[in-house]
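Undergrad: Residues per chain, in single letters:
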Amino acid sequence: MTHKINSDMCTSCDACEPVCPNVAIRVKSGIYTIDPKKCNDCESHFDDPQCVSICPVDDCITEV
Amino acid sequence: MPTSAPTGTQPGTTYVSMGHLKPLKIKLELASAGGGGCGTTGGEGKASCGSSDGPQDMPADVWDKVKNHPCYSEEAHHHFARMHVAVAPACNIQCNYCNRKYDCSNESRPGVVSQKLTPEQAVRKVLTVASAIPQMTVLGIAGPGDALANPKKTFDTMRELTARAPDIKLCLSTNGLALPEMVDEICKHNIDHVTITINMVDPEIGAKIYPWIFWDHRRITGVEAATILHQQQMKGLEMLTARGVLTKINSVLIPGINDQHLMEVNREVKKRGAFLHNIMPLISEAEHGTVFGLTGQRGPSAQELKAVQDACMGGANLMRHCRQCRADAVGLLGEDRSDEFTLDKLDDMEEVVYDLEKRKAYQDKVELERAAQHAAKQQALAAATALDAAKDLKVLVAVATKGGGRVNEHFGHVTEFQVFEVSAAQAHFVGHRRVDQYCQGGAGDDEQLPSVVRAINDCHAVLVAKIGACPRDELMQAGVEPVDSYVGEFIEKAALDWFNDYRARVASGAVLHQSRGDAAIRQGAYTALAA
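From first to last, the protein sequence lines are chains P and W. Terminal number for the first sequence in my numbering: 292, no gaps in between. Terminal number for the second sequence in my numbering: 547, no gaps in between.
If you're looking for bench data, these hints aren't it; they were derived computationally from the structure. Since the structure is predicted, the reported quantities are computational estimates derived from the model, not experimental observations. Treat the hints with care, as some may be off.
Some, not all, of what chain P presents toward chain W, calculated at C-beta under 10 Å [unchecked claim]: (1) Ile259; (2) His273; (3) Gln278.
For every residue, glycine included, the Cβ atom is placed at its ideal position computed from N, Cα and C.
With the hints as extra help, turn the sequences into a complete structure.
TA: Right, dumping it as structure tokens:
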């Protein structure tokens with residue numbers, strides 16, 4: 229499983245990018261995406277997915 | 017933005033200045049105008065502005081830090097400008113009064129921004145603005161998120177500016193959660209003003225304001241979240257005080273949640289060395305999309321705000337001139353010139369040469385103006401004290417000004433009135449009232465007028481440079497006396513001179529003195545743009 233950012237809801241606030249332990253979040257022209265190859269839901273790092281925990285918009289980042 | 021609350025541009029914020037100056041508080045009588053200091057005076061010893069004090073009240077190094085800072089000195093805010101650069105969009109907590117998604121150039125409140133900047137863009141913007149506006153003396157990083165939740169971006173910007181614009185004062189705003197671990201870094205960058213938004217010292221109350229925090233790699237909610245936030249805020253404040261960094265505490269007044277509680281907040285932050293306390297009204301409208309906006313939580317009225325501010329005046333200086341700027345504001349506190357310095361326009365401008373000399377020349381000129389303003393006020397106060405008539409009166413006076421500390425704005429062009437409280441012994445600033453501009457495109461908008469009148473409904477008079485016949489009649493009917501006979505004069509002198517005249521009229525029976533009602537604090541988006 230990995231996570232994805234719903235770009236319609238994302239406010240580009242940049243909170244998620246620095247907290248990702250896998251450096252899986254990329255920004256291109258203000259659009260934030262999660263690289264599914266790098267994302268492991270923070271397993272082995274933390275109890276909760278970090279991006280979901282800090283994102284200010286409910287349901288903007290979801291599991292896929 | 018977490019740090020600064022919802023408040024957008026609204027009237028009446030208050031800074032309560034804290035008592036750490038107390039030991040030094042030798043009565044400052046404005047003596048040397050030269051320096052001025054915010055307001056000094058302060059009625060019964062308590063000042064009206066940030067640091068209500070002047071050069072004699074504090075160590076020279078502290079005075080040097082505040083005298084030209086529009087947010088820390090009520091007097092300086094007439095003459096100096098500040099700008100915010102929006103390099104810090106991320107936040108580590110959620111506040112019920114904040115919605116960072118909102119982005120509209122007609123909206124003006126903290127946490128709202130039109131363009132996020134990289135540190136490089138921010139530095140370019142600051143150098144350009146500082147060259148075009150010599151009044152610009154202060155650069156703040158205040159969101160739209162939390163400056164310290166974006167430490168790299170914040171400190172990269174600060175580092176570059178220290179090198180390239182050494183005369184600009186740097187400040188930042190934070191909710192305090194990450195503050196203790198950042199204090200060393202703050203001191204390293206020569207940042208001598210930090211604002212912490214503290215809305216509670218009781219986590220039970222905090223739980224009603226903060227739905228969650230991000231802490232130790234987890235989202236934490238409820239009382240546990242508010243407890244951690246509270247502990248971090250107090251610890252951070254104590255650490256900054258110990259390092260000699262001036263702190264301003266912003267508190268959002270949320271009726272029914274923390275209104276009574278803010279007195280306790282005031283005591284606790286004062287005890288820990290806070291320099292100023294700024295109590296701001298909640299700005300809450302459903303259209304802002306904040307939790308409070310959606311649940312119908314209302315903001316305070318002008319008199320409710322003033323009552324809490326007055327109750328907190330006992331030992332801490334209250335700041336009342338805060339404009340609740342947007343996170344990318346540029347200009348004097350009452351204005352916003354950020355439209356002139358958007359990224360597109362910056363790209364079209366030539367590389368600027370940063371001219372320290374030119375900036376210093378302007379600032380020296382301001383010193384002279386401030387000296388003259390002090391002298392005029394002292395003279396008017398002497399006359400007011402000498403006058404025997406109706407000695408016990410105390411009233412509010414609204415003033416139309418576009419800066420420089422003078423009555424110099426047309427009634428129809430006002431987007432913000434300054435409100436002064438005058439008595440036989442004092443004239444001091446107590447707040448401002450944002451309004452939609454009455455005169456647009458050359459003609460008065462009669463639908464707008466009632467809202468303008470409501471905004472200053474607690475005032476006995478309004479001092480203007482000029483006013484049309486229609487608004488004049490409307491104001492008279494509402495019981496607010498329009499006065500256009502003090503054009504170009506310094507505000508305090510004009511207010512006191514009018515007040516002396518008013519007292520004489522009351523004493524002679526020419527007018528019957530009546531108390532005024534409450535006034536409304538403007539909530540909606542700020543849409544009145546200069547024609």
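Undergrad: Can Ile259 of chain P be said to touch chain W, with a Cβ gap under 10 Å?
TA: Because about 13 Å separates Ile259 of chain P from the closest Cβ in chain W, which is outside the 10 Å limit, the hint is violated.
Undergrad: Does the CB of His273 of chain P sit less than 10 Å away from some CB of chain W?
TA: Cβ of His273 of chain P sits 8 Å from chain W, so the hint holds.
Undergrad: Can we keep the Gln278 of chain P interface hint, with Cβ of chain W closer than 10 Å?
TA: 6 Å, holds
Hint compliance for this structure: hint 1 alone is broken.
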